[in-house]
Structure formats: C-alpha cells, structure tokens
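> Same order as they appear, the protein sequences are chains W and H. Per my numbering, the first sequence runs over residues 1 to 124. Per my numbering, the second sequence runs over residues 125 to 264.
Among the hints, a few may not be true.
Claimed, not checked - If you only want the chain H side, here are some residues facing chain W, beta carbon under 7 Å, derived: (1) Met157; (2) Ser167; (3) Pro168; (4) Leu172; (5) Gly230; (6) Ile233; (7) Ile244.
What the hints assert, rightly or not - Straight-line alpha carbon distances no greater than 20 Å define the calculated SDA-like cross-link-like pairs of lysine to any residue that follow: (8) Lys26(W) / Ser65(W); (9) Lys123(W) / Lys180(H); (10) Lys180(H) / Ser71(W); (11) Lys180(H) / Ile72(W); (12) Lys123(W) / Leu200(H); (13) Lys158(H) / Leu2(W); (14) Lys180(H) / Val42(W); (15) Lys123(W) / Leu144(H); (16) Lys123(W) / Gly230(H); (17) Lys123(W) / Leu229(H); (18) Lys26(W) / Leu223(H).
Derived from the structure by calculation, the hints contain no laboratory data. In this text, a Cβ means the ideal position worked out from N, Cα and C, and glycines have one as well.
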Amino acid sequence: MLEAFLLFLVVVSGTGGEICVTRAMKSVGEVDDFRPLAVARVISHALKVSWMWIGVSMMALAFFSLLAVLSIENVSFVVPITALNYAAGALGGKFFLGERVTPRRWAGVLIVCVGVTLVWLGKR
Amino acid sequence: MTSSHNLHLKTYAMLLIMVLFAPLGNVFLGKGMKNVGSAVSWSPSQLLHILSLVLKSGYIWLGIACLLTFFVAYLLILSWADYSYVQPTSSITLLVVALLGYFYLGERIAPLHWAGIIVICLGVFVVGNTPPRTTGAGAD
Chain W
1 MLEAFLLFLV VVSGTGGEIC VTRAMKSVGE VDDFRPLAVA RVISHALKVS
51 WMWIGVSMMA LAFFSLLAVL SIENVSFVVP ITALNYAAGA LGGKFFLGER
101 VTPRRWAGVL IVCVGVTLVW LGKR
Chain H
125 MTSSHNLHLK TYAMLLIMVL FAPLGNVFLG KGMKNVGSAV SWSPSQLLHI
175 LSLVLKSGYI WLGIACLLTF FVAYLLILSW ADYSYVQPTS SITLLVVALL
225 GYFYLGERIA PLHWAGIIVI CLGVFVVGNT PPRTTGAGAD
C-alpha cells in the first residue's frame, strides 16, 4: 500500500510539476536568445512566476518520493512504473494546458498502461 | 567531414549519453537507497536521520550527477533535434534500467515483468511518434 502511494506521488507530483513549469515558461514566452545574460534574464523572469515555484516544489516532492520507494522496491520495477507519466502528462496536457492529444498518442498511452499492468502483475 | 555528418555524429553522441546516464542514475539511486534502508517510522526525527544518511551516500550523489548529465544532454539535443525524434529514446532507457537491475544489482525479473517492460517501450515509442506541438503556431 505504501509503495503504491509513493509511486502515485512520483507520477502525479512529477507530472504536475512539469505541467506547472511548462505553464510558467509559456507565460515567460519563447526563448530565442541563448546568450548567458539573456538566459539569466529569462530564469530571473521565470522565478517571479508563482507556477514555477509550485512546479519546482512538486518536482522535489516527486524526487524524494522516488528515493523513498527505491528504498523498498527494485529499480527494475519502479522505473518502468514511472512510465505512467505519459498517461498523466496526456491528461494534464489536455485538461490543464489545453493541448490537443491525438488518437495515436492516446493509443500509445493505452499501450503504456497495459505494459505497466503487466509489470505490476509480474512482480506479484 | 560534412555538416550533415557532424550533426548525425553529435546527435548519436548525445543519444548515447542519454541512454547510458539516465539508467545509471536510477540504478545508483536505487543502490544508494537500498544501502540507506527504508524508514522504520515516519516520525520527523527518523526522517531527518534518513535524510542525513541520503546526503552522506556516495551512490546517491553519483546517481544525481548521472541524472544531471542526462538532463544537460537532453536539453542540448532538444536545441537542434525534434522532440518527437528524441522522446522515443526514453523507451530504450527503460529497457537499459531493467538490464542493469538484472545484471548489476542481481534483481529477479519474472517473464511477465520483461513482457511488461517491452510493451511499455512500444507504448512510449508510439507516444513519441506523434506531433510534438498541437497548440499555437506550428501545430499540425
């Protein structure tokens, strides 16, 4: 039960964090100048967006949850399960960022979910 | 050498770094956390003790360094290669993690588990072969 909860945190918090960071970076605008000073300006701008801090906090929570679950489960089990990020990412992208998820991408997500189920059953 | 040849060379070099360092990072984190052990209770003092052991673990720092190397290579390759070209590579990293877990860490992996990993790789490959941008300018 604990491992399922930690894996849930890794997937949901990690994907949620990435979505929040994406939202923050979209509000900053497209970067087309990669000189160090310009990049530093973009980073300082991004750090003023609250979504960035929410995203980084969620990603930190996902990282520590990953460490916790790795202390009780094998890495060959944990890492494939985290591929559920693709499912969470597709759902988050569609409902939170308004992206159009193509049928082919949904099919890929479904195949990932089938694979994760097999990995989970293979461990039992 | 032509610029096209150089582009292929640096792309393959970055892909190789990604495919090696992401799994190595996860495997070192796994080995480090197995050495640290899991928390007996969730009391603040126990969690602080675990955190101090984590920060002292060489394997954890090695894992973080490998994941940072992967991340830098990932950012660099995305500056010239398509996201839809790069993303399927992450499916290979899942397989490499399982192989390292089996051969380096001695983890037992059941046939159904292997089948699941291969199906996940296939799924990630299908996801990766979809348009990387569906909103705004440049969307399909």
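> If you draw a straight line from the CA of Lys123(W) to the CA of Leu200(H), is it 20 Å or shorter?
violated (36 Å)
> Using 7 Å as the Cβ threshold, decide whether Ile233(H) counts as touching chain W.
For Ile233(H), the interface hint holds, since the closest Cβ of chain W sits about 6 Å away, which is under 7 Å.
> Holds or violated: the hint that Met157(H) contacts chain W, with Cβ atoms closer than 7 Å.
This interface hint holds because 4 Å falls under the 7 Å limit.
> Run the distance test for Lys123(W) versus Leu144(H): straight-line Cα separation, threshold 20 Å.
Roughly 25 Å separates the two Cα atoms, so the pair is violated.
> Does the alpha-carbon distance linking Lys158(H) and Leu2(W) stay inside the 20 Å limit?
Given that 20 Å is the threshold and the Cα spacing comes to 16 Å, the pair holds.
> Measuring from the C-beta of Ser167(H) to each C-beta in chain W, is the shortest one below 7 Å?
Since chain W brings no Cβ nearer than about 15 Å to Ser167(H), farther than 7 Å, the hint is violated.
> Given Ile244(H) was flagged as interface, is its beta-carbon under 7 Å from a beta-carbon of chain W?
Because about 3 Å separates Ile244(H) from the closest Cβ in chain W, which is inside the 7 Å limit, the hint holds.
> Is the straight-line distance between the alpha-carbon of Lys26(W) and that of Leu223(H) 20 Å or less?
violated (38 Å)
> Should the interface hint for Gly230(H) be scored as holding, given a Cβ-Cβ cut-off of 7 Å against chain W?
For Gly230(H), the interface hint is violated, since the closest Cβ of chain W sits about 10 Å away, which is over 7 Å.
> Quick one, are Lys123(W) and Gly230(H) close enough, alpha carbons at most 20 Å?
holds (15 Å)
> Per the CB criterion, is Pro168(H) less than 7 Å away from chain W?
Hint violated; Pro168(H) Cβ to chain W Cβ min 14 Å, cut 7 Å.
> Quick one, are Lys180(H) and Val42(W) close enough, alpha carbons at most 20 Å?
Violated: Lys180(H) and Val42(W) sit about 34 Å apart, past 20 Å.
Of the hints listed earlier, those the structure fails to meet are numbers 2, 3, 4, 5, 8, 9, 12, 14, 15 and 18, in rising order.
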